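Chemist: Here is how the chains run, residue by residue.
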Amino acid sequence: MKKSSIEINKHPIDKYLRRDRMPHIWCPGCGLGMDITAFIEGTKQANIDMNNMQIVSGIGCTGRISGYIKLDAYHTTHGRAIPFASGLKLANRNLTVVVFSGDGDLFAIGGNHLIHAARRNVDLTVICVNNFIYGMTGGQTAPTTPVGAFSSTAPYGNFEKPFNLVGVAASAGASYVARWTSLHTKRLANSIAKALSNKGFSFIEIVSPCPTVFGRKNNRSDALGLINELRDRSRIDNSANPTEIPITNYGEIVIGDFLNEPRPCFSESFEEGIKKTKERIEK
Amino acid sequence: MAAKYIPLTGAESAAYAMKQINPDVLAAYPITPQTPIVMKFSEYVANGEVDTVSITVESEHSAMSATVGAAAAGARAMTATAANGLALMWEIVYIAASTRLPIVMGIVNRALSGPINIHGDHSDTMGARDAGWIQVYSENNQEVYDNYFMALRIAENEDVLLPVMVCQDGFITSHSVENVMPAPDQVVKEFIGKKKFKGLLTAEKPFTIGPLDLQDYYFEHKKQQHEAMKKVFPVIEAIQKEFAEKFGRKYDVIEEYRTEDADIVIMGMSSVMGTVKEVIDAAREKGIKVGAVKPRFFRPFPGEYLKKILSKFKAVGILDRSDSFGSLPPLFTETAAVFYTSSTKPLVKSYIHGLGGRDTTVKLLEKVVTDLQKLSETGEGNFTSEYLGVRE
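Listed in order, the protein sequences are those of chains A and B. For the first sequence, our numbering assigns the number 6 to the initial residue and increments by one for each residue that follows. For the second sequence, our numbering assigns the number 564 to the initial residue and increments by one for each residue that follows.
Errors might be hidden in some of the hints.
If you anchor each label on the Cβ, the simulated ranges turn out as follows [said to hold, decoys possible]: (1) B:T924 - A:K75: 33 to 41 Å; (2) B:F782 - A:P28: 42 to 50 Å; (3) A:G72 - B:R847: 42 to 50 Å; (4) B:K875 - A:K75: 35 to 43 Å; (5) A:R124 - B:Q778: 32 to 40 Å; (6) B:K809 - A:P28: 29 to 37 Å; (7) A:G72 - B:T924: 27 to 35 Å; (8) A:K75 - B:P678: 14 to 22 Å.
Quick look at which bits of chain B chain A covers, simulated, 3 or more residues with Cβ under 8 Å [as the list claims (entries may be wrong)]: (9) 589-597; (10) 884-896.
Simulated pairs of lysine to any residue, SDA-like, Cα-Cα distance not exceeding 20 Å [claimed, not checked]: (11) B:K603 - A:G178; (12) B:K603 - A:Y161; (13) B:K603 - A:R221; (14) A:K166 - B:S617.
Hint data in this document are derived by calculation from the structure and do not stem from the laboratory. All values derive from a computational prediction rather than experimental measurement. The C-beta atom is built at its ideal place from N, Cα and C for all residues, glycine as well.
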């Protein structure tokens, strides 16, 4: 076979990727490439032993991450990433367990798991890539689709109020909450490092561009245009109250490192509870 | 006006039928390869072409729950799903049947994980075969379209009152375009009629659905479900006859293809039977007396029909698009069981094919024909099972 004349340079994070699984299934202009790079950078920054890390994902475009990152990974069923991850963590507390999944997976079909894991403060880092739509299945209304945005199940515009993801996570009890866009790679990486270092339930929302599905249905199919839009619409406010910053179709996207309030995680509370019971029995 | 063919995918055929049925409520969640049904139907909803209240719920568990709730309130309620979606519905799938709610659910058959596979096989609905639902399997897009109307009539029949799954093969049928002849709205309207089932929670008198039912009556209630299933085939026959009169297309519980003088037959369900018919036509050219038998229903199981039809042949090859690990596959097992007390029975061979959407090619089916010829002559390989087209 004739060799290509183009010299293919290695990507800086190549050693963390499963090259044999490339080309990946993500569309040109998708934010997931930037999100993965930020994740790897954040992991390096936090000095996490990659051999001790597990990635768990659900179904959807983001769910495919577990097959592309060269770490122990579990691609679970739709919505079940968090309970799988909780099981992993409980079986081996030395592991760093990361859930990397999409808005539909984590907040629709798996919404119940998210609020309860946050309530218990299970020591997980949950990264939610929010593209405002069910991308892989063809662009149906998701629980994040802004009012007025178009989808294949809302051809004349969505009228259902979406979730404010950071608000839900904070209200449910997450001990670390942040929101960035795919464009804010450095800040996102910093946040991922902080989340990984937090011993408890950490939640990061990444507002991520989807030109092929969300964009195409909403007259924003230009990938670069969507990146510019994320730059123009976002405002950093680390002091914002996460429950008060819902994302609308065209309005401001408040981003930042909103909440960092460590409290005993599930395993610690559990051990404390057992210890107290034993003491009572011994008395 | 002369009837006209229009090009539709299997999923669009289902959506078109649902549009003409015009259900009161639709609750669904996206899952490949079912999604195009609900996407197309959502367009009808958004355009105001139907009166349906549709809700894109947060999971299939919620989709079936909402459908059951709506049906209990007396609505014509529908949903559609596939594979893992059906699996997530599981507990309410049973409840829909045991509370005797006439729901019609579109199923686009897909392999049930793991590992994840989005393509067509019957592992999803075969797993649900004991849930108490009627199951009808469609070979092509026209049959998909037609089955929806018949399914609705069967479900709502007062002697039946059981939910129905209308199955088509993922991608092979759901995403392939074929010419479909839709009936005028008026014909559909007359055929399906006004719903007689008024619901269970009608506010006329207080009624509790699904309360605790222990050793006192649970057993009797289960027996009643069985009794209802026993009444299904006479109802199906009457509805198929009426359908033929109104729509001009005749269906039987079991479709026979070139079986008049056949010595051997291939039996199977859904889309593979299209390929089987091609293979049979070619084999007939060569003078091989081979035919095909296609059960359209798997629940209730058409055992008596199969007993009568299959006893005419020397050998039958039974294609299952699902496996039963540690046993023999379902269509084969149940068919074989029918002949336990018969003195005249065909030789039988089981083939597990097309798992995870693997193509069952003409070449593979030609091998089945050769196998069956040998089986009919020598009896060799009787009551054995093999995987068709798997790499060893």
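Chemist: Compare the structure with each hint and give your call.
Modeler: Hints and how they fare:
1. B:T924 - A:K75: 33 to 41 Å: Check passed, 36 Å falls within 33 to 41 Å.
2. B:F782 - A:P28: 42 to 50 Å: violated (58 Å)
3. A:G72 - B:R847: 42 to 50 Å: holds (47 Å)
4. B:K875 - A:K75: 35 to 43 Å: Given a distance of about 60 Å, which is not inside 35 to 43 Å, the answer is violated.
5. A:R124 - B:Q778: 32 to 40 Å: holds (38 Å)
6. B:K809 - A:P28: 29 to 37 Å: Once the Cβ atoms are compared, 52 Å apart, the range 29 to 37 Å for P28 (chain A) and K809 (chain B) is violated.
7. A:G72 - B:T924: 27 to 35 Å: Roughly 29 Å apart at Cβ, these two residues keep to the hinted range, so it holds.
8. A:K75 - B:P678: 14 to 22 Å: holds (18 Å)
9. 589-597: Per the Cβ count (4), the hint holds.
10. 884-896: violated (count 0)
11. B:K603 - A:G178: The given pair, whose Cα atoms are some 39 Å apart, is violated under the 20 Å limit.
12. B:K603 - A:Y161: Given that 20 Å is the threshold and the Cα spacing comes to 13 Å, the pair holds.
13. B:K603 - A:R221: Holds - the C-alpha atoms of R221 (chain A) and K603 (chain B) are around 18 Å apart, at most 20 Å.
14. A:K166 - B:S617: holds (16 Å)
Figure legend: structure checked against the earlier numbered hints; hints not met, in rising order: 2, 4, 6, 10 and 11.
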